[in-house]
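There are 2 protein chains.
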Amino acid sequence: MHKSKLGGLIIDCESNDLAAAAEFWSAALGAPLKEPLDTQSDQYVKLDMPPDSPYVEVQTVDHASRVHLDIESDDIAAEVRRLENLGATKVAAVKDWIVMEAPTGQRFCVVPAENADFETRANKWPD
Amino acid sequence: MHKSKLGGLIIDCESNDLAAAAEFWSAALGAPLKEPLDTQSDQYVKLDMPPDSPYVEVQTVDHASRVHLDIESDDIAAEVRRLENLGATKVAAVKDWIVMEAPTGQRFCVVPAENADFETRANKWPD
Chain W
1 MHKSKLGGLI IDCESNDLAA AAEFWSAALG APLKEPLDTQ SDQYVKLDMP
51 PDSPYVEVQT VDHASRVHLD IESDDIAAEV RRLENLGATK VAAVKDWIVM
101 EAPTGQRFCV VPAENADFET RANKWPD
Chain D
1 MHKSKLGGLI IDCESNDLAA AAEFWSAALG APLKEPLDTQ SDQYVKLDMP
51 PDSPYVEVQT VDHASRVHLD IESDDIAAEV RRLENLGATK VAAVKDWIVM
101 EAPTGQRFCV VPAENADFET RANKWPD
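These protein sequence lines map, in sequence, to chains W and D.
Using the working numbering, the first residue of the first sequence is number 1, and each one after it goes up by one.
Using the working numbering, the first residue of the second sequence is number 1, and each one after it goes up by one.
Bear in mind the hints are in silico, worked out from the structure with no lab data behind them.
Check before you lean on any hint, since a few could be wrong.
Copies of the same chain are indistinguishable here, so a pair counts whether it falls within one copy or spans any two.
As the list claims (entries may be wrong) - Cross-link-like lysine-lysine pairs, in silico, DSBU-like; alpha carbons within 35 Å at most: (1) LYS124 to LYS95; (2) LYS124 to LYS90; (3) LYS124 to LYS46; (4) LYS3 to LYS95; (5) LYS90 to LYS34.
My request is simple: use the sequences and hints to build the entire structure.
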């Protein structure tokens, strides 16, 4: 048995200016930055959303701007297999997450569980 | 004064097969369809997410597949002006919502408030 749920959404911005991207989205969504922005090293920044909301991150990327979903899980390999059985395909492994593509064409990531409500709200899947 | 917040996320699928698209995303996110799917008329379907989660909808579209955000507001015109002042641009008016483009390139929509937690959780903006 493993568990998963919608983890969050990542606002991918084709830009080198994380500060400007984060400033817009923080103001647009009315959500302050969760931590101060260190433009020397950070490629992404979390917004401080209400409790029980999926997390929202603003990230600079070198591909076209988009929004992608994260599915969080306590067993990445098992969750990837489950999603492959539903028709998704593996695109890449990056650090500790797996980039996948849905049969409907959107890229999304399977990432380690991190939301506070994961234990109580995640879906349980037989392996 | 008007109010707004993140309303939800829409999974836009370039497809004529809403049933298949909804079946994948419902299973992937572990969220049943909120209402039965009437493939004769529906172009989108809501997934039944936990309380206080932004809503999630699966929609068939004739542009490339993507995910877009909805910002919900009790005053669409005032919210559009606020977002224009932040650097977003108006793209189109569709039914009772406005399609906008962020300065970082993503399309998003400003829609009438509908989440149950809107009154308690929305951000308040001076007009």
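Each hint, compared with the structure:
Taking CA atoms no more than 35 Å apart as the test, LYS124 paired with LYS95 passes inside one copy only; the shortest distance there is 25 Å, against 38 Å between copies. In this homomeric assembly, LYS124 and LYS90 come within 35 Å of each other (Cα to Cα) only inside a single copy, at 22 Å, whereas the closest approach across copies is 42 Å. When the C-alpha separation of LYS124 and LYS46 is checked against a cutoff of 35 Å, the pair qualifies both within a copy, at 27 Å, and between copies, at 21 Å. For a Cα distance limit of 35 Å, the shortest separation of LYS3 from LYS95 inside one copy, 20 Å, qualifies, whereas the shortest one across copies, 39 Å, does not.
For the homomeric pair LYS90 and LYS34, the shortest alpha-carbon distances inside one copy (31 Å) and between copies (29 Å) are both at most 35 Å.
The structure meets every hint from the earlier list without exception.
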